[in-house]
Amino acid sequence: MIQRILFAAIFAGVLGGVFVSAAQHLKVTPLILEAETYEEMDAATTASQTLATAPETASGTLATAAPDHDHAHDHAGATANTTHDHDHGDATTTASDHHHDENAWAPQDGFERISYTLLANIVIGVGYALLLCAGIVLRGKDITIRQGLMWGVCGFLAFSLLPSLGLPPELPGSVSAPLEARQIWWLSAAIGGAAGLALIAFGRGWIYKLVGLVAIVTPHLYGAPHVAEALGGSLPAELAAEFAIASIITSAGFWLVLGGLSGAFLARKPLSQA
Amino acid sequence: MTTATKTVSLGISQRIAAAAVAMVLGGVLLYGAGFASANTLHNAAHDGRHAFAFPCH
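Listed in order, the protein sequences are those of chains A and B. For reference, each letter of the first sequence is one residue, going 1 to 274 in this note's numbering. For reference, each letter of the second sequence is one residue, going 275 to 331 in this note's numbering.
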């Protein structure tokens, strides 16, 4: 059985990864590259400011998100005193928390970077496909391509759409809460979403469905970690919005491909057979 | 040509074991590509992380 899962997941994952890499080239990757020009601009500004002002802010966190940035558009003053719904996180981290180690290896822009992105997408694809196939095998019912697509839709809901409700897909250079807090929240939303959807879909009796619903909504009621000034730096809000939508739509396509292919590969033989 | 297809029936424990192995393996792959904080891994998978909306940076 494990060989069958591996076979299905590797094929579906590799094809899904290749598909998503091509799809990302339409909009997602150009937006990332564009955002990086703003990120570099901000880094240059911050560097020149920290040289001129207090040395203790040179590394690590700046005390507040807004005032230390040279805003092209003046929402710094305008929003400084407004109350934000998502203000419960530790609001002390800014874009300067990006610890981009200048000496660390990074792929060269162009072919090398595209190749590593393709590789990363394939690894992510195989990883998600393994989870998806594991779910299908645990369920134990024979599967069709059509049902595979439904599994893909649920994967998209659990691992893309639901987490993005709290933590929208972010461009490089976005100002956000500490990484670890966001990772933990993302995981809780994704695992809660996946377990919750499974309980609602397969649980017999309302109590299972109720527990499933609670698992889905609890991370969202608790709230994702955010900083007061959600969009800092000079990154234009339109760019961030465009990226969020492009990323979500690309993910939706990826999950449909992954679900359909996983279903197709696992449908070759009844799941009750080894 | 005669094809002797072996039909081995699978018990639930075998399915659970296979699914558990697949989940652990999938989790390890996703952790490496999406979450691990090592600089090299981060830089290599950078665009993929942003595109898949893993929390990055």
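It is worth saying that the hints were derived from the structure and are not from the lab. Just so you know, not all the hints are guaranteed correct.
Which chain A residues face chain B? A few, computed with CB under 8 Å, are given here [unchecked claim]: (1) Ile124; (2) Cys133; (3) Leu165; (4) Gln183; (5) Val211.
Coverage of chain B stretches by chain A, computed from C-beta distances (three or more under 8 Å per stretch; other residues unrestricted) [as the list claims (entries may be wrong)]: (6) 299 to 309; (7) 316 to 330.
All C-beta atoms, glycine included, are put in the ideal place defined by N, C-alpha and C.
task: With chain B as the partner, please determine if cysteine 133 of chain A meets the hint condition of a C-beta pair closer than 8 Å.
output: Result: holds, 6 Å to nearest chain B Cβ.
query: At a threshold of 8 Å, is the proposed contact between isoleucine 124 of chain A and chain B supported by beta-carbon distances?
result: holds (5 Å)
field: Per-residue hint verdict: leucine 165 of chain A, partner chain B, C-beta under 8 Å
entry: It is violated, given that the least Cβ distance between leucine 165 of chain A and chain B is near 11 Å, above 8 Å.
message: Please check whether valine 211 of chain A passes as an interface residue: C-beta within 8 Å of a C-beta belonging to chain B.
response: violated (20 Å)
message: Under 8 Å between beta-carbons, do enough residues of the region 316 to 330 of chain B, three at least, approach chain A for the coverage claim to hold?
response: holds (count 14)
Hint check, glutamine 183 of chain A versus chain B [nearest Cβ-Cβ separation less than 8 Å]: holds (5 Å)
message: How does the region 299 to 309 of chain B fare against chain A when you require at least three residues with a CB closer than 8 Å, holds or violated?
response: holds (count 10)
Violated hints, listed in ascending order, are 3 and 5; each of the other numbered hints is respected by the structure.
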